[in-house]
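If you're matching them up, the sequences are chains A and B in order.
Its first residue numbered 1, the first sequence is counted upward by one per residue in this note's numbering.
Its first residue numbered 395, the second sequence is counted upward by one per residue in this note's numbering.
Any given hint could be a false lead.
Distance windows between CB atoms, simulated [unchecked claim]:
(1) 40(A) / 712(B): 28 to 34 Å
(2) 292(A) / 444(B): 57 to 63 Å
(3) 444(B) / 112(A): 30 to 36 Å
Which chain A residues stay away from chain B? Per the calculated CB distances, all over 10 Å, these [said to hold, decoys possible]:
(4) 69
(5) 86
(6) 145
(7) 247
(8) 248
(9) 250
(10) 264
(11) 287
(12) 327
(13) 357
No lab work stands behind these hints: they were computed from the structure.
Keep in mind that this is a model prediction, so the values were computed, not measured.
Idealized CB from N, CA, C, for every residue including glycine.
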Amino acid sequence: MSSGLGGLDRPGAPTSPGTWDERSEPTTGPRSTPTRRTGADPVKALMHRHRDLCERAVDPLEIAAGLEAHGISDRTASRFLHRDVFSLAEEMYARVSRGAEAAPGPAPLATPRARADWILLTLLPGVLCAAAVTALHLTHGQSRLIAAASGALAVTLALRAALSRGPLAPTDRRHPTTARVSWLVGYALLGDGLLRAAATGGPDALPTGAAEGPWPLTTAPVLALTLSCVPAAWCAHLLAVRARRKLSSSRALAEFATSAKPLLLGAFTLYLCALAALLAIATTALDQPSTYPQTLTLGALLFLCRLLTSHGFTHAPVLVLTAAASAEATALAALFAARLPGCAWLATPVQALIDTGGQAAIPTIACGTAALTLLLHATRTLTRASAHATQNQP
Amino acid sequence: MLVRIGLIAEGGYPYVSGDARLWCDRLVRGLGQHEFDIYALSRNERQEDEGWVPLPPQVSRVRTAPLWAAEDDGVVYGRRVRRRFAEYYGELVAALCAGGATGASGASGVAGASEDASATEADRFGNALYGLAELARDEGGLVGALRSEAAVRALERACRAPGALRTAREARVPDLLAVAAHLERALRPLSLDWYEDDGLGSVDLCHATSGGAAALPGLLAHHFCGVPLLLTEYGVRLRTHYLAAPEASAAVRSLLAALHGRLAAETYARAALITPGNGHARRWQERCGADRAKLRTVYPGMDASPFAEVGEAPEGSDPDSLVWVGRIEPAKDIVSLLHAFAEVRKEEPKTRLRIVGAPSGAEGAAYLGHCRALAAQLFPDEAEGPHTVGDNPVSFEEIGGPEIPTLADAYASGAVAVLSSVVEGFPIGLVEAMFSGRATVSTDVGAVVEVIGGTGLVVPPRNPRALAEACVALLRDPERRARLGAAARARALELFTVEQNVAAFHGIYLEIVSRTPVRRLALDEAGDPLPFAVPAEAHVPGRWTERTARLVARGGPARPPGAPVRATALPAAEGAL
């Protein structure tokens, strides 16, 4: 290239008249501010101009990158008596006073907001369930059967919709628990009646859908449980919000774990209180016998399962739900199996439990043990910082 | 000889919306005598949905992996593996908490002791990284572990340890979680299944088309299978990271800067050769610890043919017009250009300025509006006589309009091409102007001086007066313009064409393969070593070896019993085109 261009001018930087001289960088024409008398310490003036960059920088290279983005090249750096931008940036980084820098408090993490869609959706199962129960009371025979079936379907769909968004939505849908939950709820509805019938030699007929008769339908617990979707969602939301606040204000993981435990237990207790109140209302309204122990333990179990699932812990809930459901199923199966010749001993433990605690003892013990296990598990997992972090990742 | 190249791209080549897709496509098409395996990391779902560009036959396989969605792999570690993970992860974050690789090394003239310490830390980082990679390969995944509480706890311990960075010591719980999440993202390539003998182990060399996530598979292939790594960086990833650093606390930023710095240093140290795209990238790489002997600057290649007609006949232009071509955005400093043009008009009142380009994004559109308003304010409309309709001397146009149908016409329309940017990487517009044989005035940013050599005028950035004086000097001297334009075109044709780029990479591939060949052990059907499986003729052009010879990397991972991997056989391209 050079041979043919020997006669060419070399207009690189410095030769062209007036294009490159001492005033080039500091005076940019009439717009320039009069504070460019850089005097003895030009770097200081430069640092003042880029003070945000210097204070923010975590290492010299960040200043170098920032300076280059502001148009400072190696050639400009030579006017500050530096070989290149890197050494200029190093001087600037070294000269920034960092001691007095009052670190601004970290911006609080964005907390989840209560949104109209999930608030309305959580109301839906309770309302539909109440409507279904009313329909059961008003109808007879064939039409009662139709009302029961359509009511069950509507409540299931509403529950699915209510739990698919909001604070109770699962992060991981790979472990469906629908079958186990349906069994537990179904037991709450029919199980006590079946157990009593089985213990006394029945059942002789299918349930008629009425609250009286040989195989009664206990609708009050189910009504209370579906209504409790609202307090469950609110408690989970409250827990999420408070945990986020604690998260942004805590300095150590252990500190967060300590402060998150009361939050978790508080939310859990709050839910149980709400469920108890709803159950009281439901039993009074429907005029059914009170079923506090089994309903409260079942509610606690379902709430904890949902809470864990929504934070990404799916393994333990599936295990524990399976255990509780199979415990109930075993009790029923044992009673029926005892009717076989020579197997009467199978019913002995179940019968003993029923004799001491009534029919409620079976579901209470099954769900209570399960809920207690999950509560212990939750106090370990849900108090971890990483459990509450997944929500802020896009 | 035939070289099998594993081209690793992140959010790039085979995807239609990839970053460096054009360059990679030209490279792959230009080197038909070699064989390419493409390993692509996609950046988002949209990119995957848009599909691939048509691939030439020398691409024998494409493997892709999403970087954006690493779902939990469900791998549950046993107690011993958990302990191993915690140990490696703790080492990794401890190396990060000890500070970046770049703070103490390089040309700063720090005493030897601290350089030793820095080298130790770099070693520690590398060992921990490879340890995690081995663990991921043994156990089948790392994602779940990287998201676990154990990782956050290890991070906390490292931050609180004596000797940690001051900023790291101030890390709060949200910072720890943010850093752990970033680490999980950055280390996702560790969980890929590419490092087997039928994957990256079977190529002769890995070519990472950018630093960062794309270089990580290359590093691991080097570690597991001894495949040499060629790293091409047109823009230094570390610098991009600094400029795009998210709004976060100082603790997060310093740890992430340390991560990217360490990763860059490790990549530079392990790479067989590094090809920066320009001198600016080269200086950054040297600064981050790249060995000068490994650096080969390879300028990006551009297609010169559209500009041939314009470049051969430079006289056709309007002698009084300046032209600016590019994407309109604040970094281009068009405001400064308009102020300079005001000065030019004082000297040469007949001059016109054509600004050709489309705004990029919402910010660019707002900037364009601002520039239009400023132009209208600075320059009143002018008419030739009292009966004609006036026109503004500054015109904003877009390519594709009736006056400027092609990019070459944009350059053809002006006598002098102006570049007024304050920030610039490799100035593509300037090279296009050089191809078109225009005299140029540009600001001294990025790689401008290096690109222009002596064939155009260079002024400091943000200096409208100097820009104006240079423009006036050229406008008044058509002969100088012609000389400069011809010299610029000659220079561009020599340095910045696609052909030189492809030829340079061809030479580099051969150099790497000749210096650091991957030694493979050929096996026969029974799995015994096969003598003379790779005859001397294998090194002459063409394919001489038997296609079914079975090869494995010596010193590589233990091969699965009974099924040695075919190294030279061509697997069908995976996935649909």
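> Taking the closest pair, is the beta carbon of residue 145(A) still more than 10 Å from chain B?
Replying inline: holds (43 Å)
> Taking C-beta pairs only, is residue 250(A) more than 10 Å away from all of chain B?
Replying inline: Contrary to the label, residue 250(A) does not stay out of reach of chain B, its closest Cβ about 5 Å off (not over 10 Å).
>> Is 30 to 36 Å respected by the C-beta to C-beta distance linking residue 444(B) and residue 112(A)?
In response: holds (33 Å)
> Is the distance from the Cβ of residue 40(A) to the Cβ of residue 712(B) consistent with 28 to 34 Å?
Replying inline: For residue 712(B) against residue 40(A), whose Cβ atoms are near 49 Å apart, the range 28 to 34 Å is violated.
>> Checking a non-interface call: every C-beta of chain B should be farther than 10 Å from the C-beta of residue 69(A). Is that right?
In response: violated (5 Å)
>> According to the definition I'm using, a residue is off the interface if its beta carbon is farther than 10 Å from all beta carbons of the partner; does residue 264(A) meet that for chain B?
In response: holds (15 Å)
> Cβ-Cβ distance between residue 292(A) and residue 444(B): within 57 to 63 Å?
Replying inline: Given range 57 to 63 Å: holds, Cβ gap about 59 Å.
> Minimum Cβ separation between residue 247(A) and chain B greater than 10 Å?
Replying inline: Non-interface label fails for residue 247(A): nearest chain B Cβ at 6 Å, not farther than 10 Å.
> Would the least Cβ to Cβ distance between residue 327(A) and chain B come out above 10 Å?
Replying inline: holds (26 Å)
>> Beyond 10 Å on every Cβ pair: is that true for residue 86(A) relative to chain B?
In response: Incorrect as stated: the minimum Cβ-Cβ distance to chain B is 5 Å, not above 10 Å.
> Per the stated criterion, does the least C-beta distance between residue 287(A) and chain B lie above 10 Å, as a non-interface residue requires?
Replying inline: Residue 287(A) is indeed farther than 10 Å from all Cβ atoms of chain B, at 49 Å.
> Was residue 357(A) rightly flagged as not at the interface, with every chain B Cβ beyond 10 Å?
Replying inline: holds (38 Å)
Checked against the numbered hints listed earlier, the structure breaks hints 1, 4, 5, 7, 8, 9; every other hint is satisfied.
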